[in-house]
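S.K.: Sequence:
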Amino acid sequence: MFHTPIVPRTRKRSRPAEASAPRRERVKFEDVRLYLVERKMGRSRRSFLTELARSKGFIVEDVLSDVVTHVVSEDSQASSLWAWLKGGPVKNLPVMHVLDISWFTDSMREGKPVAVETRHLIQVCVPRSSCLFSTTPTPVSTVSQYACQRRTTTKNNNKIFTDAFEVLAESHELNDMEGPCLAFRRAASVLKSLPWTVQNLRVTEDLPCLGEHSMCVIEEILQHGHSFEVEKILSDERYQILKLFTSVFGVGPKTAEKWYRRGLRSFSDVLAEPGIRLNRMQQSGFLHYGDISRAVSKAEAQALGNIIDEAVRAITPDAILTLTGGFRRGKDFGHDVDFIVTTPQLGKEERLLTSVIDRLKQQGILLYCEYQASTFDESKLPSHRFEAMDHFAKCFLILRLEDSQVEGGLQTAEEDRRGWRAVRVDLVSPPVDRYAFTLLGWSGSRQFERDLRRFARMERRMLLDNHALYDKTKKEFLAATTEKDIFAHLGLEYIEPWQRNA
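If you read the sequence shown in UniProt numbering, its first letter stands for residue 1, the second for the next number, and so on.
The set of hints was computed from the structure by calculation and includes no laboratory data. It is possible that some hints are incorrect.
DSS-like, lysine-lysine: derived pairs with alpha carbons at most 30 Å apart [to be verified]:
(1) K28 x K243
(2) K91 x K56
(3) K28 x K112
(4) K331 x K86
(5) K484 x K331
(6) K40 x K112
These figures come from a predicted structure and were not determined experimentally.
With these hints in hand, go ahead and build the complete structure from the sequences.
M.R.: Spelled out as structure tokens, the structure:
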């Protein structure tokens with residue numbers, strides 16, 4: 001079901017007579033689990049800080065275990081602290097944040113978990129040796145080659161490098177070179193997960209997925225503050241034109257390349273070319289380009305959710321509607337809005353999307369629609385080849401969204417006086433017994449999902465897609481009603497959606 005986020009009410013301060021009574025506030029940050037190290041801190045201070053954190057909505061674990069995400073210590077002796085931690089029972093230590101009390105203090109002051117910065121880390125230091133650009137002690141940690149075993153941080157500490165890798169990946173994608181494209185996306189994904197900033201090449205030596213080309217780019221940026229290769233790509237006419245053309249709804253790299261080879265260099269060139277016949281999707285893409293090329297806000301996504309929810313419940317009151325994609329991963333803006341819609345009764349979802357489409361037409365807000373009927377066939381599972389799209393019923397829409405429907409108003413230019421904008425919305429309708437697999441697949445990110453499937457295949461001899469999870473060893477399908485069930489089948493620690501921005 002689609003729910004409007006609940007804003008927690010501010011609690012009144014306790015009267016002095018009540019101050020001594022411990023009180024648990026409701027949890028606000030379920031993805032952060034603290035453990036306060038008693039060594040050097042002392043039992044009474046640890047107890048006080050524990051209650052303080054819990055009063056602000058933090059989860060504080062009494063025992064150090066693999067569920068902990070942030071270890072906080074007042075022990076300034078890194079070597080003795082790490083020796084104690086490594087001698088403990090936890091297996092998940094390489095992906096935990098081991099932090100100085102300053103991170104805790106900053107978080108208490110802000111009333112929320114602050115981004116982990118290098119100054120917060122209590123790092124294991126390796127002996128100094130010759131280094132390309134610095135002899136700064138190196139943070140040592142084990143980083144998995146799979147994005148599904150890494151949590152992305154709320155802040156990208158290595159944006160200057162990941163932005164460069166994204167440009168290189170996009171350039172190779174436009175040139176239909178899948179191998180190098182994936183290599184740069186994997187490199188970017190690894191750097192996005194680091195809680196510290198790469199300041200010299202030495203710290204990257206043991207990181208996975210950083211090939212020779214990626215290392216050269218990092219070296220160039222460290223030396224000069226930018227990559228000459230990336231700057232050359234950004235100034236290249238062909239790259240600029242292909243990027244422009246592919247920004248149109250319904251235009252992929254191959255179509256863009258065809259137009260470029262015909263000597264077309266602008267939208268006006270394409271629209272004036274008599275030999276080009278645009279399909280319906282491309283026609284709508286050009287017609288509403290100003291709106292759908294502009295980012296969609298979280299408030300706009302929420303408003304669209306209310307519209308779809310009302311339409312769905314008018315047809316099936318017990319329907320399940322879930323926001324997916326980047327907004328489910330905590331993004332503030334996106335290019336479109338994705339929803340899963342299904343029903344608790346198996347088979348009842350088969351005609352749901354067509355009924356929703358009819359209702360949106362009646363409301364006069366449907367500007368474009370492409371409906372794809374379900375081709376899902378359980379007898380053809382498992383699929384042994386990767387497919388970008390699943391076989392469930394789905395539709396690609398452009399809807400009219402009114403300013404009055406959005407809390408805080410639409411994201412529009414000042415000169416836009418229409419009072420509405422066009423927004424892309426995608427709906428997918430799986431059978432309820434496939435809901436968990438669809439939710440996992442449609443939540444993304446693309447790199448996270450790609451690595452999750454690769455992990456299943458390479459490490460577990462399983463086949464995972466948006467339809468099912470198949471164990472090749474047991475020769476059986478593994479049922480799941482939640483995403484956590486799927487992670488458990490794969491032997492993976494559950495990663496929250498907002499930590500999957502790989």
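S.K.: Now tell me if each hint is right for this structure.
M.R.: Right, here's what the structure says about each hint:
no.: 1; hint: K28 x K243; result: violated, 41 Å
no.: 2; hint: K91 x K56; result: holds, 29 Å
no.: 3; hint: K28 x K112; result: holds, 9 Å
no.: 4; hint: K331 x K86; result: violated, 35 Å
no.: 5; hint: K484 x K331; result: holds, 21 Å
no.: 6; hint: K40 x K112; result: holds, 25 Å
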